[in-house]
Amino acid sequence: SLCALHLLSAHSCEEQIQTMASSGNFKADGSITAAGKGQVCIPTADKNAQFRRLKNLPGNKLCFDCPATRPTWASVTYGIFLCLDCSAAHRNMGVHLTFVRAVDLDEWTQRQIDAMKIGGNENARKFFSKHGCSDMKGSNKKYNHKAARAYRAELEKLVEAAAVKRGEGTGVKADDAAGASSLLESADAAVARGAHDEARAKLEAARASAGGGTAGVLQPSAKLASQITGARGKLSTPVGTPAPTPPPSGGLKTASGGLLRPPSNAGGPKLVLRKPTKTGTSLKLKSSKATKIGITKITTPTDDGFEDVAATHKRMEDDKRRDEEEKRKREEEDAKMARELEAQINGLGGGAANGTSPKAAAATPAPTPAAAPKAVPPKPQLSSMEQSMAKLSGMNNDFFSGL
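Numbering (this note's numbering), first residue to last: 1 to 403.
Worth flagging that the hints you see were computed from the coordinates, not collected in a lab.
Any given hint could turn out to be false.
Claimed, not checked - Okay, derived cross-link-like pairs now, DSSO-like style, lysine-lysine, Cα gap no bigger than 27 Å in a straight line:
hint : residue 1 : residue 2
1    : Lys55     : Lys117
2    : Lys142    : Lys55
3    : Lys117    : Lys141
4    : Lys314    : Lys329
5    : Lys130    : Lys146
6    : Lys55     : Lys130
7    : Lys314    : Lys327
8    : Lys126    : Lys146
9    : Lys165    : Lys47
10   : Lys336    : Lys320
11   : Lys55     : Lys165
12   : Lys202    : Lys130
13   : Lys142    : Lys130
14   : Lys146    : Lys223
15   : Lys55     : Lys126
16   : Lys117    : Lys47
17   : Lys61     : Lys126
18   : Lys223    : Lys202
19   : Lys117    : Lys202
20   : Lys117    : Lys146
21   : Lys126    : Lys142
22   : Lys61     : Lys141
23   : Lys61     : Lys130
24   : Lys142    : Lys61
25   : Lys61     : Lys117
26   : Lys314    : Lys336
27   : Lys202    : Lys141
28   : Lys130    : Lys141
29   : Lys61     : Lys47
30   : Lys202    : Lys142
31   : Lys391    : Lys314
32   : Lys130    : Lys117
Turn these sequences into a full structure, and let the hints steer you where they fit.
Next up, the structure:
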């Protein structure tokens, strides 16, 4: 059993060596290369010079899958630059989905560098963002999307077209990309074709599942009466149509309760309206005597609450006259009181002047003979305010007479 195990392992190693030899990864001197079958890696100096220009582009200074700066790895399948961590994730997806190379350490063919030139991070970001692939979580879901598949297929066609221009390749894939002006336009067109083909395939599958190639199109189901057995010259009604209700015996009933009977004479088409039977309900309007409605006349009183204009003017004149009379009486009373006060003031001021002011005595004229005394009416009783005013006036006269 141990010998058989050794033979099996040796056989598997020989198969792996034959596979690698057929792929073209072995040179004539026995060294391994990444060029592939029928291709040759370019010199390292030429490779470094081309990558130096590519890495200076603004879009290639950041990793395509993360914000890491100065990426040193690349995915030839999509023409994008990656950092070390993201390149490990791409290697785990498999070479059938993304082929990863080191920019500085690995050898490169001119086709692989052309893929980086035609692609680039900027074009890939625009395309993936337009078709909703940039925000997908997980690299497998992102790069298995139909838009990603269309992008890598169109990139491969453009790389082949560039190889044909250099005199390399068969030009089979280059013919498909001859009319495309850029990678983004050709990839967008490929996505549109894919969506159209997918919709057509779903439509064909739906028609096939329904039976027949034209099952998805609605077909008329009605038939002529002449095409139905035993229905020639008859009216054909669809299935489910209720049969007409025959009229009752004796004629058709009208809306008013009468019956339409066929004419008794054949002379002309006449319709006879028969009165309803006694069983039918009839509405009768009973007449009654007219009821008299008593109307009471509404009298409007003449006194509407407003007085006459003449009466108003008369009242205003009376009020004005009354006010003038009261004003005149008050003026007479005030004048009378003023005279009394003046008399009292003169009486008090005269005595003070005789005792204190010699100037006033000299200026006083000689007394005239007194006339016959007249009867003086008694002085009215003064109020307290009048008495106070009299005292105040006397005090003023005494004060000023001493000056």
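Now for the hints, and whether the structure bears them out:
1. Lys55 - Lys117: 10 Å, holds
2. Lys142 - Lys55: Satisfied, since the Cα-Cα distance of roughly 24 Å is no more than 27 Å.
3. Lys117 - Lys141: Holds, at about 25 Å.
4. Lys314 - Lys329: Within the cut-off at roughly 23 Å; holds.
5. Lys130 - Lys146: 13 Å, holds
6. Lys55 - Lys130: 24 Å, holds
7. Lys314 - Lys327: The given pair, whose Cα atoms are some 20 Å apart, holds under the 27 Å limit.
8. Lys126 - Lys146: Status holds; Cα separation ~16 Å.
9. Lys165 - Lys47: With a Cα-Cα distance of about 19 Å, the restraint between Lys165 and Lys47 holds, given a limit of 27 Å.
10. Lys336 - Lys320: 24 Å, holds
11. Lys55 - Lys165: 25 Å, holds
12. Lys202 - Lys130: 25 Å, holds
13. Lys142 - Lys130: Satisfied, since the Cα-Cα distance of roughly 13 Å is no more than 27 Å.
14. Lys146 - Lys223: 48 Å, violated
15. Lys55 - Lys126: 18 Å, holds
16. Lys117 - Lys47: 12 Å, holds
17. Lys61 - Lys126: Status holds; Cα separation ~16 Å.
18. Lys223 - Lys202: 32 Å, violated
19. Lys117 - Lys202: The hint is violated at about 38 Å.
20. Lys117 - Lys146: Holds, at roughly 23 Å.
21. Lys126 - Lys142: Holds, at about 14 Å.
22. Lys61 - Lys141: Status holds; Cα separation ~25 Å.
23. Lys61 - Lys130: 21 Å, holds
24. Lys142 - Lys61: Distance of about 21 Å is within 27 Å: holds.
25. Lys61 - Lys117: Holds, at roughly 14 Å.
26. Lys314 - Lys336: Violated, because 33 Å separates the two Cα atoms, which is more than 27 Å.
27. Lys202 - Lys141: 23 Å, holds
28. Lys130 - Lys141: Holds, at roughly 16 Å.
29. Lys61 - Lys47: Roughly 18 Å between the alpha carbons, so the hint for Lys61 and Lys47 holds.
30. Lys202 - Lys142: Measuring from Cα to Cα gives roughly 24 Å; hence the hint holds.
31. Lys391 - Lys314: 49 Å, violated
32. Lys130 - Lys117: Given that 27 Å is the threshold and the Cα spacing comes to 21 Å, the pair holds.
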